[in-house]
Every structure is written in C-alpha cells, then in structure tokens.
Amino acid sequence: RKEVEQDPGPFNVPEGATVAFNCTYSNSASQSFFWYRQDCRKEPKLLMSVYSSGNEDGRFTAQLNRASQYISLLIRDSKLSDSATYLCVVSRGDLRNSGNTPLVFGKGTRLSVIA
Amino acid sequence: GAVVSQHPSWVICKSGTSVKIECRSLDFQATTMFWYRQFPKQSLMLMATSNEGSKATYEQGVEKDKFLINHASLTLSTLTVTSAHPEDSSFYICSARRSRVEKLFFGSGTQLSVL
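So the sequence lines, in the order shown, correspond to chains A and B. Quick note on numbering: the numbering used here labels position 4 of the first sequence as 4, and the sequence is numbered without any gaps. Here the numbering used here runs 1000 ahead of the position in the second sequence, where the first position is 1.
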C-alpha cells in the first residue's frame, strides 16, 4: 500500500465552483500533514498545514481525521489561478523530534479551472 | 524567508556521463536535506535523506552507488548521477528544513535529460 494516496483526477471545474480533494495515508506514526501545490515543472509550494481541528485560509479549508487517516482540502469559489496539481504531503514521523524525518508526497491531483 | 538554491536548472548530457547537482541553503544552516525525483505525471519520490557530516540514508530501491550524495557542509548538499542513462532522465529537486522548524524549503529543481 502506498504511503500517501490521492484522488487520481484530473478535476476540470468552472470558475466559482467548489472542489474537494481527498487523501489517505498509511503510516499511523505520521504527525505532520500539509497540502502543497505544484505548477508544471516547478518546485512545490506550501499551501497550508493541516491540523486535527481543521483550518481555513481564505477560500481554502483543510481537514484531518487521524482515526481514519484521512486528509481533505476544499477550495471554494475556484479561480483560474487555482489551476495546478495539489499534493497531499505527510511526514513519516514527528518533525519536532527529528530533523531527519522526511516528507512523503502523494501523486497529486491535477485541477483545471475553466473560464 | 529562507531560500534554497539549486543548480543547474537544466542539464542535457550524453549517456555514460556523470552529472552533479548542487543544493544550497542560502540563509540558514541545513543539517538535513532531502533529495526527490519526479517523473512526468508522477509524484515526488523521496530518493535519500542527506545528513551533514555523515552518510546519506537512501530509500529502498535507490542505488547509492549510482546516486552519490555528499553533504560536506551545513549549507551544501550535492547529488551526483553517475554514468547517467536515458532512464535517469527526470526532474530532481532538493529540499531543506531548518532544525526544529517544520516548513520544508525547496530548490527550484533540475531537469535532467540523458541522450
């Protein structure tokens, strides 16, 4: 089983739509969770961290369910500029305990927002 | 903010040659750096964890004799693809984290094309 699995996509949505991305992870020792976005052949950029209590940043809302090892990202009122690949990212352990703990990336879900 | 510099951005080489990629942390000391590889339409795959002053930790399936990692200082890690072949053509990207800080900073990546 892969460490991080995401919706295969791609998602093609009109401007203004709400779109949800889902992600599951297999390592119960994982403690840190993130959503990154990646534009074609560019480095990934941190979109937001994900906390158990859920967190929101403008049009973006992230949720974490540790019991089911599930992470989600919701984008409301999608813009053309949201078109990118969204990567679910999970730490292998606890980042606070060891700087050697790597991040594992999901395959990503491609989003295309259409005018 | 912290910046990670990666060089070169593009490399085109003949089969059998070796290619060195540099990753530098510009305004912080990185005791640990991570090297990832990304094939087209695939996720970032962790290749190895590079630790300053010690041997790198390689992921299962990554040949350590082919992908030589050197982390001789707190600001520089290098990845050398030895005797490169066309199947090594990929997007290589490094990342680093300041100790005890969760955010991962990425280099801009190196697109390697082996002819």
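The hints are simulated quantities; they were obtained by calculation from the structure and are not laboratory data. Certain hints may be false.
[What the hints assert, rightly or not] Just the calculated beta-carbon pair ranges, DEER-fashion:
no.	chain 1	residue 1	chain 2	residue 2	range
1	B	D1065	A	P8	31 to 41 Å
2	A	A115	B	K1055	50 to 60 Å
3	A	Y70	B	P1040	21 to 31 Å
4	B	S1083	A	D77	48 to 58 Å
[What the hints assert, rightly or not] Okay, derived cross-link-like pairs now, DSS-like style, lysine-lysine, Cα gap no bigger than 27 Å in a straight line:
no.	chain 1	residue 1	chain 2	residue 2
5	B	K1014	A	K2
6	A	K45	A	K79
7	A	K79	B	K1103
8	B	K1014	A	K45
9	A	K45	B	K1041
10	B	K1103	A	K45
11	B	K1041	B	K1064
Quick reminder that beta carbons are idealized off the backbone N, C-alpha and C, glycines included.
Hint-by-hint comparison with the structure:
1. The hinted window of 31 to 41 Å between B/D1065 and A/P8 holds, with their beta carbons roughly 35 Å apart.
2. Taking the beta carbon of each, A/A115 and B/K1055 are about 52 Å apart, inside 50 to 60 Å as hinted.
3. The supplied range of 21 to 31 Å is met by A/Y70 and B/P1040, whose beta-carbon atoms lie about 28 Å from each other.
4. Roughly 51 Å separates the CB atoms of B/S1083 and A/D77, a value that falls within the hinted 48 to 58 Å.
5. Among the hinted pairs, B/K1014 with A/K2 is inconsistent with the structure: their alpha-carbon atoms are about 34 Å apart, more than 27 Å.
6. Between A/K45 and A/K79 the alpha-carbon distance is near 18 Å, which keeps this suggested pair within the 27 Å criterion.
7. With a C-alpha separation of about 26 Å, the suggested pair A/K79 and B/K1103 falls inside the 27 Å cut-off, and the hint holds.
8. Taking the CA atoms of B/K1014 and A/K45, the gap is near 32 Å; set against the 27 Å cutoff, the hint is violated.
9. Restraint check: the Cα-Cα separation between A/K45 and B/K1041 comes to about 17 Å, which is no more than 27 Å; the hinted pair holds.
10. Straight-line distance between C-alpha atoms of B/K1103 and A/K45 comes to about 10 Å, which keeps the hinted pair within the 27 Å bound.
11. For a cut-off of 27 Å, the pair hint linking B/K1041 to B/K1064 stands: about 25 Å separates their Cα positions.
In terms of the numbered hints stated before, the structure departs from hints 5, 8, listed from lowest to highest.
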